[in-house]
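Q: Sequence:
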Amino acid sequence: MEKEKKYSLLAKIGLLCATIIWGSTFVILKNALDSVPTYFILSFRFLTATLLLSVIFFKKFKLINKSYLWQGGLIGVCLALAYIFQTVGLIHTTPGKNAFLTATYCVLVPFLMWIIYGKKPDKFNVLAAFTCIVGIGLVSLDGNFVIQYGDYITLVCGLFFGLQIVFIATFNKNKDAILMTIIQFFVAGIITGILSLCFETMPTSIPSSAWAEIIYLTLFGTLTAFLLQNVSQKHMSSSAASIILTLEAVVGALFSVVFYHEVLTLQVFIGFVVIFVAVFVSETKLAFLKKDKSLSDKEKQ
Numbered sequence: 081m082e083k084e085k086k087y088s089l090l091a092k093i094g095l096l097c098a099t100i101i102w103g104s105t106f107v108i109l110k111n112a113l114d115s116v117p118t119y120f121i122l123s124f125r126f127l128t129a130t131l132l133l134s135v136i137f138f139k140k141f142k143l144i145n146k147s148y149l150w151q152g153g154l155i156g157v158c159l160a161l162a163y164i165f166q167t168v169g170l171i172h173t174t175p176g177k178n179a180f181l182t183a184t185y186c187v188l189v190p191f192l193m194w195i196i197y198g199k200k201p202d203k204f205n206v207l208a209a210f211t212c213i214v215g216i217g218l219v220s221l222d223g224n225f226v227i228q229y230g231d232y233i234t235l236v237c238g239l240f241f242g243l244q245i246v247f248i249a250t251f252n253k254n255k256d257a258i259l260m261t262i263i264q265f266f267v268a269g270i271i272t273g274i275l276s277l278c279f280e281t282m283p284t285s286i287p288s289s290a291w292a293e294i295i296y297l298t299l300f301g302t303l304t305a306f307l308l309q310n311v312s313q314k315h316m317s318s319s320a321a322s323i324i325l326t327l328e329a330v331v332g333a334l335f336s337v338v339f340y341h342e343v344l345t346l347q348v349f350i351g352f353v354v355i356f357v358a359v360f361v362s363e364t365k366l367a368f369l370k371k372d373k374s375l376s377d378k379e380k381q
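Letter by letter, the sequence shown follows residues 81 to 381 of the numbering used here.
The hints are simulated quantities; they were obtained by calculation from the structure and are not laboratory data.
Fair warning: this is a prediction, and the values are worked out from it, not measured in the lab.
Heads up, some of the hints might be wrong.
Claimed, not checked - Result set (DSBU-like, lysine-lysine): computed pairs, CA atoms no more than 30 Å apart in a straight line:
#	residue 1	residue 2
1	K142	K365
2	K83	K200
3	K140	K83
4	K199	K83
5	K85	K255
Work out the full structure, taking the sequences as your base and the hints as a guide.
A: Written as structure tokens, this is what we have:
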């Protein structure tokens with residue numbers, strides 16, 4: 081029992097570290113995009129992470145078969161599209177908005193499960209969806225009630241992150257998580273690499289500061305964070321994991337205010353809070369209130 085508690089605590093710490101890393105990447109990526117093309121950054125991140133993971137875990141390739149390839153490939157396509165829309169959206173909006181609008185995938189997942197597998201969302205999911213729409217409106221609508229281009233693109237990324245999570249939950253049950261991650265990264269790297277070769281012109285020189293940012297995004301934002309998530313979620317409940325992961329948006333906004341000097345209007349701040357509440361309700365279903373109620377009932381008895 082003590083061993084399980086220890087593993088559970090370490091898992092929560094590990095996932096929290098991953099969340100903090102991901103939260104920090106919004107500002108760092110925003111800065112890198114000032115001097116380096118979008119698809120090049122993404123391709124470099126994914127292909128370098130693929131290479132490093134392949135070297136470290138090369139023995140796992142003996143497990144590979146057709147199901148690994150097509151399932152990992154499908155998740156990789158979703159991952160590539162999610163990061164493409166997120167990164168393009170980040171060019172046209174602030175890191176804080178990008179972080180919170182990306183987090184809407186948590187609310188979308190139950191509805192994607194309904195569309196794909198026929199599993200109906202519960203009342204908490206529906207409540208969270210309506211709440212999230214209000215939050216998105218507060219964050220994205222300008223004085224003319226028009227959604228900003230960067231915010232709209234970021235919302236599309238949330239859809240593909242949602243699909244990625246749905247397919248991971250479906251396909252990873254009987255698969256090696258690290259091998260599936262390698263395949264996902266490889267496919268995402270190839271897709272973004274082709275886009276970079278076709279549509280981008282590489283700058284004649286990349287500043288050393290930009291290289292430092294790209295290396296951070298690769299080693300920490302891609303390799304370390306995803307490994308921490310894969311390992312940590314084996315030792316904790318999905319509800320506990322989802323609560324920790326929702327903090328990514330909060331961390332992203334804090335980094336944006338402190339390091340990017342983003343100025344939050346009252347409307348945008350309230351929108352952030354509303355989106356966070358929506359995600360929290362969708363993921364926890366307010367289970368902690370039920371526990372408190374049952375404990376108080378026992379005490380009365």
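Q: Each hint: holds or not?
A: Against the structure, the hints come out as follows:
no., hint, verdict
1, K142 x K365, "violated (41 Å)"
2, K83 x K200, "violated (37 Å)"
3, K140 x K83, "holds (27 Å)"
4, K199 x K83, "violated (36 Å)"
5, K85 x K255, "holds (26 Å)"
Of the numbered hints given earlier, the model fails hints 1, 2, 4; all others are met.
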